[in-house]
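Visitor: Sequence:
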Amino acid sequence: MHVSDTRGFWVRGALVFARSTPLVTSTPAEQVTNQSGYVTLSMFPRATFPLRSGYHVQFFLRTRKDGDSLLSGVSSRRLAQVATR
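Using our numbering, the final residue of the sequence shown is 835, and nothing's skipped along the way.
For the record, the hints were derived by calculation from the structure and aren't laboratory data.
From a predicted model like this one, the values you see are computed outputs, not experimental measurements.
The C-beta atom is built at its ideal place from N, Cα and C for all residues, glycine as well.
Some hints could be false.
So the derived label-pair ranges between C-beta atoms look like this [what the hints assert, rightly or not]: (1) Tyr805 - Pro778: 20 to 26 Å; (2) Ser776 - Lys815: 22 to 28 Å; (3) Thr756 - Gly817: 20 to 26 Å; (4) Arg802 - Phe759: 37 to 43 Å; (5) Arg802 - Thr756: 36 to 42 Å; (6) Leu829 - Ser792: 16 to 22 Å; (7) Arg802 - Gly758: 32 to 38 Å; (8) Gly804 - Val782: 32 to 38 Å; (9) Phe759 - Ala797: 39 to 45 Å.
With a Cα cut of at most 25 Å, we get these calculated SDA-like pairs of lysine to any residue [to be verified]: (10) Lys815 - Pro778; (11) Lys815 - Arg769; (12) Lys815 - Met793; (13) Lys815 - Arg762; (14) Lys815 - Thr771; (15) Lys815 - Thr777; (16) Lys815 - Asp755; (17) Lys815 - Leu765; (18) Lys815 - Pro800; (19) Lys815 - Tyr788; (20) Lys815 - Val761; (21) Lys815 - Ser826; (22) Lys815 - Arg757; (23) Lys815 - Gln781.
Use the sequences and the hints to build the structure in full.
Guide: Rendered as structure tokens:
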């Protein structure tokens, strides 16, 4: 995943969290973006994961500034949908 600000600049040192909704994959721990704004999160399917072509899985994504509060600090949240093949 790549994190950038509204002007397109890379955001380094941001904490990134992701989980599937509904919970059909494992939930990795928060990871920190590297100097280029990239982070790699590995998720593994649970038994309830629909591993068939044509399905979509939705993910909740959150980025935040290290040291800030989850509720009142600098952060961003987004839902993203990915198709299975």
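Visitor: Please verify whether Lys815 and Arg757 have alpha carbons no more than 25 Å apart.
Guide: holds (17 Å)
Visitor: Keeping to a limit of 25 Å between CA atoms, is the pair of Lys815 and Thr777 held or broken?
Guide: Measuring from Cα to Cα gives roughly 20 Å; hence the hint holds.
Visitor: CA of Lys815 to CA of Val761, is that 25 Å or under?
Guide: Within the cut-off at roughly 10 Å; holds.
Visitor: Holds or violated: Lys815 with Pro778, Cα cutoff 25 Å?
Guide: holds (18 Å)
Visitor: Given the hint of 36 to 42 Å, check if Arg802 and Thr756 actually sit that far apart at their C-beta atoms.
Guide: With Cβ atoms ~37 Å apart, the hint holds.
Visitor: Given the hint that Lys815 pairs with Asp755, does the C-alpha gap stay at or below 25 Å?
Guide: It holds: about 12 Å lies between the C-alpha atoms, which stays within 25 Å.
Visitor: Holds or violated: the 39 to 45 Å window for the beta-carbon distance between Phe759 and Ala797?
Guide: holds (41 Å)
Visitor: Does Leu765 lie within 25 Å of Lys815 when you go C-alpha to C-alpha?
Guide: holds (6 Å)
Visitor: Taking 25 Å as the top limit, are the C-alpha atoms of Lys815 and Arg769 close enough?
Guide: holds (18 Å)
Visitor: Does Gln781 sit within 25 Å of Lys815, going by the straight-line distance between their CA atoms?
Guide: Distance ~12 Å between Lys815 and Gln781 Cα, so the pair holds.
Visitor: Holds or violated: are the alpha carbons of Lys815 and Arg762 at most 25 Å from each other?
Guide: Cα-Cα ~10 Å, so holds.
Visitor: Go ahead and decide if the range 20 to 26 Å is satisfied by the Cβ distance of Tyr805 to Pro778.
Guide: holds (21 Å)
Checked against the numbered hints given earlier, the structure breaks only hint 18 and satisfies all the rest.
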